[in-house]
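Using the hints, position chains S, A and H with the ligands against chain W.
The chain contents come next:
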Amino acid sequence: MPKLSYLKALNRALGDELDRDPDVFLLGEDIRAAASNLTAGLFTRFGPDRVLDTPLSEQAFTNFATGAALAGLRPVIEFQIPSLLFLVFEQIANQAHKFSLMTGGQCKVPVTYVVPGSGSRTGWAGQHSDHPYSLFAHVGVKTVVPATPADAYGLLLSAIRDDDPVVVFAPSGALGVRDDVDFATLRPVPLGLGRIARAGSDVTVVALGHLVQDALAVADELAGEASVEVFDPRTVYPLDVDGLAASVARTRRLVVIDDSNRTSGFGAEVLAVAAERFDLDAPPRRVTRPDGAVLPFALALDRAVQPGRDDLLEAIRGVLTEGGRQ
Amino acid sequence: MPKLSYLKALNRALGDELDRDPDVFLLGEDIRAAASNLTAGLFTRFGPDRVLDTPLSEQAFTNFATGAALAGLRPVIEFQIPSLLFLVFEQIANQAHKFSLMTGGQCKVPVTYVVPGSGSRTGWAGQHSDHPYSLFAHVGVKTVVPATPADAYGLLLSAIRDDDPVVVFAPSGALGVRDDVDFATLRPVPLGLGRIARAGSDVTVVALGHLVQDALAVADELAGEASVEVFDPRTVYPLDVDGLAASVARTRRLVVIDDSNRTSGFGAEVLAVAAERFDLDAPPRRVTRPDGAVLPFALALDRAVQPGRDDLLEAIRGVLTEGGRQ
Amino acid sequence: MSTVDLYRTVRLIRRFEERAIEFVRSGEIVGGIHPYVGQEAVAAGVCAALRPDDLITSTHRGHGHVLAKGVNPARMFAELMGRESGLNKGRGGSMHAADLSLGILGANAIVGAAGAIATGAAWAQRRRGRSTVAVSFFGDGAVNEGMLLEAFNLASLWRVPVLFVCENNGYATTMPVHSAVAGSITGRAKAFGIPAFSIDGQDPEKVLAATTAAVDRARAGKGPTFLECRTYRFDAHHTFEHRARLNYRSTEELSTGRSRDPVEIQGARLAAEDRTAVDAEVEALLDAAAGIALGSAHPDPAAALEYLYATPMPGLRR
Amino acid sequence: MSTVDLYRTVRLIRRFEERAIEFVRSGEIVGGIHPYVGQEAVAAGVCAALRPDDLITSTHRGHGHVLAKGVNPARMFAELMGRESGLNKGRGGSMHAADLSLGILGANAIVGAAGAIATGAAWAQRRRGRSTVAVSFFGDGAVNEGMLLEAFNLASLWRVPVLFVCENNGYATTMPVHSAVAGSITGRAKAFGIPAFSIDGQDPEKVLAATTAAVDRARAGKGPTFLECRTYRFDAHHTFEHRARLNYRSTEELSTGRSRDPVEIQGARLAAEDRTAVDAEVEALLDAAAGIALGSAHPDPAAALEYLYATPMPGLRR
Ligand SMILES: Cc1ncc(C[n+]2csc(CCOP(=O)(O)OP(=O)(O)O)c2C)c(N)n1
Ligand SMILES: Cc1ncc(C[n+]2csc(CCOP(=O)(O)OP(=O)(O)O)c2C)c(N)n1
Ligand SMILES: [Mg+2]
Ligand SMILES: [Mg+2]
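For the protein sequence lines, the chains are W, S, A and H, in the order given.
Per my numbering, the very first residue in the first sequence carries number 381; after that it's consecutive.
Per my numbering, the very first residue in the second sequence carries number 381; after that it's consecutive.
Per my numbering, the very first residue in the third sequence carries number 61; after that it's consecutive.
Per my numbering, the very first residue in the fourth sequence carries number 61; after that it's consecutive.
Since the hints were derived computationally from the structure, they do not count as laboratory data.
For glycine and all other residues, C-beta sits at the position ideal for the given N, C-alpha and C.
Please note: incorrect hints may appear among the correct ones.
Derived Cβ-Cβ restraints for the label pairs, each shown as a range [to be verified]:
{"no.": "1", "chain 1": "S", "residue 1": "697", "chain 2": "W", "residue 2": "558", "range": "37 to 43 Å"}
{"no.": "2", "chain 1": "W", "residue 1": "421", "chain 2": "H", "residue 2": "347", "range": "43 to 49 Å"}
{"no.": "3", "chain 1": "S", "residue 1": "622", "chain 2": "W", "residue 2": "632", "range": "26 to 32 Å"}
{"no.": "4", "chain 1": "H", "residue 1": "161", "chain 2": "A", "residue 2": "266", "range": "57 to 63 Å"}
{"no.": "5", "chain 1": "W", "residue 1": "575", "chain 2": "A", "residue 2": "130", "range": "38 to 44 Å"}
{"no.": "6", "chain 1": "W", "residue 1": "543", "chain 2": "A", "residue 2": "311", "range": "49 to 55 Å"}
{"no.": "7", "chain 1": "H", "residue 1": "314", "chain 2": "W", "residue 2": "382", "range": "22 to 28 Å"}
{"no.": "8", "chain 1": "W", "residue 1": "626", "chain 2": "A", "residue 2": "372", "range": "21 to 27 Å"}
{"no.": "9", "chain 1": "H", "residue 1": "302", "chain 2": "W", "residue 2": "558", "range": "20 to 26 Å"}
For lysine-lysine, the following DSSO-like pairs were computed, each having C-alpha atoms within a straight-line distance of at most 30 Å [to be verified]:
{"no.": "10", "chain 1": "A", "residue 1": "250", "chain 2": "H", "residue 2": "282"}
{"no.": "11", "chain 1": "H", "residue 1": "250", "chain 2": "A", "residue 2": "250"}
{"no.": "12", "chain 1": "A", "residue 1": "266", "chain 2": "A", "residue 2": "282"}
{"no.": "13", "chain 1": "H", "residue 1": "250", "chain 2": "H", "residue 2": "282"}
{"no.": "14", "chain 1": "H", "residue 1": "250", "chain 2": "H", "residue 2": "266"}
{"no.": "15", "chain 1": "H", "residue 1": "266", "chain 2": "H", "residue 2": "282"}
{"no.": "16", "chain 1": "A", "residue 1": "266", "chain 2": "A", "residue 2": "250"}
{"no.": "17", "chain 1": "A", "residue 1": "250", "chain 2": "A", "residue 2": "282"}
{"no.": "18", "chain 1": "H", "residue 1": "282", "chain 2": "A", "residue 2": "282"}
This is chain W alone, in the form it adopts within the complex (with noise of 0.2 Å):
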């Protein structure tokens, strides 16, 4: 079976959905010459009209997407890095996000944003290193993390379908990722709908994006220890309740591996959600980024600032371990 990298299929969603609908088209900085190669080959193919290089004008560009969807087309914007997330908040959780209900219906703006390159780049320090979804999340704007090449395409191209504005994060430690893939069986991966990634029977490990790989790795090393269930939710914002239910009524145990800080994040939002529903037979745990993260530039901080595998696996064995409360 031929091999696909996790860009390579983000690429070709956006090359096959730019085929299909003709309402779609692409908006960003360095796009036509593909920059992050997220883009690579479209302008080319698709031409000026369909592949819009901007200028630096992050907020403009991004009102602009939302004015072009409500006169009905389907923009899809590249964002190069994930701070510029932080540019156009305003723009994206209290206009794009809100003109559906404020006009009572009247409306839809279906936009898409991708960046290719959340969280940290390795050596590109405190502002290029963030990863921000569970910022969108709490917003109540869809929020998407692919782990694999084959989610990538899917979920890319149910972003791009679905009505509402979506934030697709795509991780740096993810873009590499090179999986077996059956072109054939490519299809739009629904969002809200996570994954078992590994079944396990003694804990259920939470991941996303990049993170899932870390903790299949983590499983593995386990495996003569315990049974390691890994759980993919795919989908941050809406989170899959009962996908991640179903598993935990199984293995009765918890950790959840989240690359955005602490304080109300999405490891927090796992919790309260297992807190209010499930009977745990010891207190979860959260392996995430410190609170008020600030990711520093000299690589063995950048390292000790993202939660690792070292950290996942003393988690696990800490509710593995333990009965009663920390």
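Okay, now just chains S, A and H with the ligands, sitting in the frame of chain W:
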């Protein structure tokens, strides 16, 4: 004893700090005329160099304040509406917050951001009714939501004196609160220290800002039925985990009422902390805005979307009667 | 558009606003409004130059724009009163009034935000082969918002058929324009290569003429135009100011400002009996409209989250 | 500043960058850099006009700015290598280099962000009775960022002693300036009433002369000046481009662009033996600097969160 209103307490805190410390200055829109009343009298008292009216250029004046702070001053910015914080999210979360770590501790950015009138303002609709304190807590910016006039005074003082950026949310629903206050007792309230707003033994209700009043009212209503403790953390981030722990250790039951959206909000964090640390006698509950909430204009709809007393009453009764999971 | 039609529009807006202010006072409208009184010539003149399928974006002070673009006053009153029969089914209120069927992409409560929305919509319409133009209204305060200036750049670079209409009423809330705008308002647009004109915004005919020229230019594929309409806000920034004295305009300034009244300027062009007839017609229309609105149902609180998502979300949790 | 001093600065920056690129290739510098090669005259000429207590803000392409402002090359190499002895103790890296003791308020990785930071700092210094000025460096891409344009307005309105120095190297990454900037670059500043000049950014002496005039004006209380320095980036946007072919500049363009080399332009003003002596001096300095940096300790991962808050937070949780 004289009555002090919450808004007047904030105004008094600003006046006192301007008086005490020549490095403090205010900037924002319409603060000379004091359109929101927050800055009433201060322009006359302190003049144009200390009370700076800005054009509608939120991004620039927020970074301007960061620059002034780097040069040794202590700016206080008034934002007229909560969604302006979305517009300057990059400037706060990615600039002001990050300077200290990124420069290896060479500098500090003591800027205070005040929003007088956060949350629903009754009839201001979708783009003016947000309450984004959980977002700032998530990114690690110190975040304060005072509930009483004395706390409004004392927390704003501490925010201004703190060497890091601090956001102070003054909920619309709290601005009019008036208390008997002996002015001589007004003093700074440390960031990160909660208080027991009402002692009780059966259940801990965690509430912030204007919702503390609601929690107290519901506690009164339930007086014959149950003994409700109301814990007001005052600071969303850093959260007074020890204070919370002490309360929950006594009551072993927990409800949070939270004016932010459900997913990954303040309520999620409180439940997550509880799940990690405490063995509760019943599953905890959250009373929040719904996921993705956009406040509709019509009054009854606006009210329906906000967490209210009835919802809280029901949630408290739920955790009191229930031993197992939902 | 005829003299009498323009008069009808300015008169309609004026009387609509005066009644709306009354409804704020009586509590039928909750949350207050930003009255458009005094600026009617801008909305009337600009929209008179547009086709029904042309697009507009409006502002926090937007009742005049949407009425001039053809909104049914009954549905607008109903919206302000938060009724189900309102333009936005009571979900939007004064600052979000929208009627997509009339090309109204919504009032926007964030100053400066809508310029790029109008630009994107106009660009999309052209890409879809339509010959429509879009107009973005905003105030003098908005020209200090970076996101609006960014939109000027996109519109000019891509020759988008969009008109930027700045209503310079001298103030952003209490901030006088000269303390807020370095350089000139038209200079801001010219810097991006956009032709920009400063015109008398109190005379509907002059606004119509300038807009017609700009619309023709846009439809001919020549790109955006910027119009600074010099006008004056006769009433408060927002009705809350009726209770709070903010003291930023002198009595003399107010009376000079109010002396050039667009309703009088256009009214003087009509024969007295024609004017009386229009006034009566407007009054009857608004009586009926107010009656319909007052009689309309309130939305059901159980439907508070309807329309939150266009693609339904089954698992939405409270 | 003398001819030879200016030459020393451009030569130092050039050779620092060339060595830094080597360290990227060899893996000593992780994450890559945005090389300043070709633009040295701007940093050298501008900073030569400043006093030690004047302030600057820099950019993602900022090594030249901080070296010209007096940063110790050893500490800068160490920062790029993420060492504890680095300018920012290894916490900032290439895009955040700061030295507050030299008035360097930091490079900023967000295009357009630092203009208002410099403006605020300059305003604050004046309020504190200092006669310092601030310089904000940025590229041609930044003039499309609304937040920078907002800063122009504040600086002009409040006559802030700040200089806006735009390094127009023809491209924002792969985007040619003419496809991104409607109107002209200097026109953007002039629109806000800021005097703006377009100068030859390859000649350090010309940059120095223009900056000196602007600094004098600012110190005299006359407010901001804008300088567009026309320059050319000889190397990649970022070292990642050494591996990825982006194909946006023709071979002819590259060779024309590179033909006006600031190091050669200034070097030609020196006697051959003086130039050789400076070159040797620079090489010795950089040998020593690189040696010190390579020998410096790496920070302790346990201290990854040090400096996160200025007011310590005892309960910080992981
Ligand atoms: C971005 C933004 N900043 C501030 C506000 C608060 N605000 C609402 S209207 C207004 C004044 C607007 O002035 P202008 O653009 O001149 O319009 P006018 O009110 O005069 O019609 C302000 C400051 C806002 N809604 N949005
Ligand atoms: C606000 C923002 N948008 C986009 C980027 C990504 N980016 C970094 S440098 C750059 C190009 C900047 O061009 P210019 O301002 O001309 O400076 P130059 O790189 O040519 O020195 C871009 C798009 C960013 N860092 N910040
Ligand atoms: Mg105005
Ligand atoms: Mg450039």
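The hints, checked one at a time:
1. 697(S) x 558(W): 37 to 43 Å: violated (54 Å)
2. 421(W) x 347(H): 43 to 49 Å: holds (45 Å)
3. 622(S) x 632(W): 26 to 32 Å: With a Cβ separation near 29 Å, residue 622(S) and residue 632(W) satisfy 26 to 32 Å, so the hint holds.
4. 161(H) x 266(A): 57 to 63 Å: holds (60 Å)
5. 575(W) x 130(A): 38 to 44 Å: violated (50 Å)
6. 543(W) x 311(A): 49 to 55 Å: With Cβ atoms ~53 Å apart, the hint holds.
7. 314(H) x 382(W): 22 to 28 Å: violated (37 Å)
8. 626(W) x 372(A): 21 to 27 Å: holds (23 Å)
9. 302(H) x 558(W): 20 to 26 Å: Holds, at about 23 Å.
10. 250(A) x 282(H): At roughly 25 Å apart (the allowed maximum being 30 Å), residue 282(H) and residue 250(A) satisfy the hint.
11. 250(H) x 250(A): OK: residue 250(H) and residue 250(A) at ~11 Å, within 30 Å.
12. 266(A) x 282(A): Holds, at about 22 Å.
13. 250(H) x 282(H): holds (15 Å)
14. 250(H) x 266(H): holds (21 Å)
15. 266(H) x 282(H): Satisfied, since the Cα-Cα distance of roughly 22 Å is no more than 30 Å.
16. 266(A) x 250(A): Within the cut-off at roughly 21 Å; holds.
17. 250(A) x 282(A): Holds, because 15 Å separates the two Cα atoms, which is no more than 30 Å.
18. 282(H) x 282(A): violated (39 Å)
In terms of the numbered hints stated before, the structure departs from hints 1, 5, 7, 18, listed from lowest to highest.
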